[in-house]
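> Same order as they appear, the protein sequences are chains A and B. Just so it is clear: in the first sequence, position 193 is 193 by our numbering, and no numbers are missing. Just add 372 to wherever you are in the second sequence, counting from 1, and you've got our numbering.
Worth flagging that the hints you see were computed from the coordinates, not collected in a lab. Watch out, some of these pointers could steer you wrong.
Heads up, simulated DSS-like pairs for lysine-lysine below, C-alpha to C-alpha not over 27 Å straight-line [unchecked claim]:
| # | chain 1 | residue 1 | chain 2 | residue 2 |
| --- | --- | --- | --- | --- |
| 1 | B | 565 | B | 432 |
| 2 | B | 565 | B | 650 |
| 3 | A | 285 | B | 565 |
| 4 | A | 285 | B | 650 |
| 5 | B | 614 | B | 432 |
| 6 | B | 432 | B | 502 |
| 7 | B | 432 | A | 285 |
| 8 | A | 285 | B | 614 |
| 9 | B | 502 | B | 650 |
Computed footprint of chain B on chain A, listed as stretches where at least three residues anywhere in the stretch have a Cβ under 8 Å from a Cβ of chain B [claimed, not checked]:
| # | stretch |
| --- | --- |
| 10 | 26-40 |
| 11 | 55-61 |
| 12 | 150-158 |
| 13 | 315-326 |
All C-beta atoms in this analysis are idealised placements derived from N, C-alpha and C, irrespective of residue type, glycine included.
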Amino acid sequence: MEFVARLVGFGHALRDEGLPVGSDDVVTFCSAVSELTPSDLEDVYWSGRTTLVHRRDHLPLYDEVFRRYFLGHQAPAKPEPSESEPIAQGQSGTLNVPHSEPGTQTGDDRPMVLGRQASGVDIQRDKRFAECTPGELAALRRIMAQVRLEPPRRRTRRRRRDPSGARLDIRRMARDAMRLSHAAPVLHRVTRAERARPLVLILDISGSMADYSRNLLQFAYSMRRAAQRVEVFCFGTRLTRITPALDRRNPDDAMKLAAGRVLDWDGGTRIGVSLDTFIRRWGRKGLSRGATVVICSDGLDRGEPAALADAMERLGRLCHRTIWMNPLAGDDVETLPNTLGMMAAGPFIDSLESGHDLASLERFAGKLPHVG
Amino acid sequence: MSDQPRNETPASVADLQAQLRSAGYLASRGLATATLIGMRLGRPILLEGEVGVGKTEMAKCLAQIGGRELIRLQCYEGIDTYQALYEWDYARQMLHVRALSESELTDAAAVSGLYGPEFLIERPLLSAIKAGSSAVLLIDEVDRADDEFEAFLLELLSDFQITIPEIGTVTAASRPMVVLTSNRTRELHDALKRRCLYHWIGYPSFEEEIEIVRLRAPDAVATLAHKVVAAVQRLRDMDLAKPPGIAETLDWVDALGVLGTDDLDAAAAADTIGAVIKDRDDLELVEAELDRVVADA
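With these hints in hand, go ahead and build the complete structure from the sequences.
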């Protein structure tokens, strides 16, 4: 009995460290150990690992807690996350997204209220984000949160009923014929069903994009809320996946959490390297397969243009369509903006969008369902 | 249904390891423990890991050692219940109706006979439920299926019963052993994971991999096996998009065997590198360093 208490205690210890260990998991763990040799610590270790852990990322933490709980090892002082690059002076790792617009650093640190106070602002849909006052931006974001976004769609192998479909639904007709054997046969038709294409948004949040990145993040948040298969990444000098952070119900919470994950907010830009990371870590595994990939960046790249061209070419092979959203393009999206990065990436872009003001984002949202 | 899985279940982890080994599978302590617990508690096992580390093979060997039937459901995007569960054979039903009406047999029994088992096409999940503990159900690459299908699996894996409106509810007399595999192309729902025992299969260590090669390719020369495994382990340390799995190691040994070479030098490696590296970018990277890769340890 005492042994069971010890095992349950282990479950609690894991839970204290933040592992999602449910009571049912603990029950399974105890019955698993009782099926094996409870006196063998190795059996205890492996039974716990298979019953209490449900994802690979949790394995190191499990090992650590196991060592501490059963072997009495002291936990080492928590090291800083190794991959985090040093944060530049004057920048905070947990920047408050909605409130840290450029242009508000004029000694006015009073937190801005997004509620009624901002609602009086007149909204100009075609005013560049860069030229908007913080109040206007807040209002714009609230509008954006309500825009009905629809992801691009693709045809599937499945079929659905459609009176004007091209194919006959032989199966249904056979079924009907059996059921109502003497009635005149009715022709049923089917057409290909459609489903949402995965959408991958890769947002440039480097310094040069500061005027736009927060709005794009809001756009990504709205997109994520509207559709199931949306993945969002941010990059400056390195790539961060922020999809889980955007799953909060409250947009401000979601944005704060997302900003907390991103360490190089408003830093430099290495587009090529970041895209390469995306391809290696996610793209190859199939995340972007059949997806529409939208890269939001001004193309001001500090890295090698060749690396960017290389990454873009590979990305093009791994996804269905590549869209580049460049706020510098303005309303004239026919001509490529004249930056080195854009020239390198140009040949591999399927379509160029601007996204510098609300109207252009709305235009883009309207086009999106049809790009697939 | 004379099988009594409880009696078949190996007595200990070591016992299971030995049995798997005799079937040609080298299971680590962790994998064997997870499997044994799964067998004893009647829980599905979810195996995750890189491509080619033997997730599917594990299910096959499990079926083999228990003398069970392997029922495999390969998941893909868009898979639906008709392909996973059952389907009525409409064509045969139509023919049957025609035959019935010609001989003017239209009583109730003849009609209900239309929905008899002979017109039911069993798909893997229904077969597995019917077979019960005499089967190993392998649900392969479940990450490729849609979310909806995952939710459906969840229901099935908790009750092991299926309701067919025309026939009634089919319940598994005893639970089949279920193995799910995932390549982590996307994260599975937590609800499904909670139903399962989880095990991550990593790449084997040098010694383990030598053992595997000796088990699976007993004809290979020992020095060659050593060299190939060392080279593959070095390849895995390189920054490759698709690091080679155990399957690739075995392929490489086989490929060299076909050529009749007993030694892995740069020339032989260059000829057979296609067995291990299957990506153009990786190929460029590896070819530049081929000498280092095949060098003696």
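> Look at each hint and say if it fits the structure.
Cross-check of the supplied hints:
The straight-line distance between the Cα atoms of residue 565/B and residue 432/B is roughly 22 Å, inside the 27 Å bound, and the hint therefore holds. Between the alpha carbons of residue 565/B and residue 650/B the distance comes to roughly 31 Å, so the proposed pair goes past 27 Å and is violated. A hinted pair counts as satisfied when its Cα atoms are at most 27 Å apart, and residue 285/A with residue 565/B qualifies at roughly 20 Å. Restraint check: the Cα-Cα separation between residue 285/A and residue 650/B comes to about 14 Å, which is no more than 27 Å; the hinted pair holds.
Pair hint residue 614/B plus residue 432/B holds up; C-alpha atoms about 24 Å apart against a cutoff of 27 Å. In summary, the hint linking residue 432/B to residue 502/B is supported, as the alpha carbons are separated by about 19 Å, within the 27 Å threshold. Proposed proximity of residue 432/B and residue 285/A is supported: the alpha carbons are some 25 Å apart, at most 27 Å. For the proposed pair residue 285/A and residue 614/B, the alpha carbon gap of about 9 Å is at most 27 Å, so the pair holds.
At most 27 Å may separate the alpha-carbon atoms for a hinted pair to count; residue 502/B and residue 650/B exceed this at roughly 40 Å. Restraint check on the stretch 26-40 of chain A versus chain B: 6 residues with Cβ-Cβ distances below 8 Å, three needed, restraint holds. Given as covered by chain B, the stretch 55-61 of chain A passes the check, having 3 residues with a CB less than 8 Å from a CB of that chain where 3 are the minimum. Look at the stretch 150-158 of chain A against chain B: 3 of its residues bring a Cβ nearer than 8 Å to a Cβ of that chain, three or more, so the hint holds.
Counting residues of the stretch 315-326 of chain A whose CB lies closer than 8 Å to any CB of chain B gives 0, which falls below the minimum of 3, so the coverage claim is violated.
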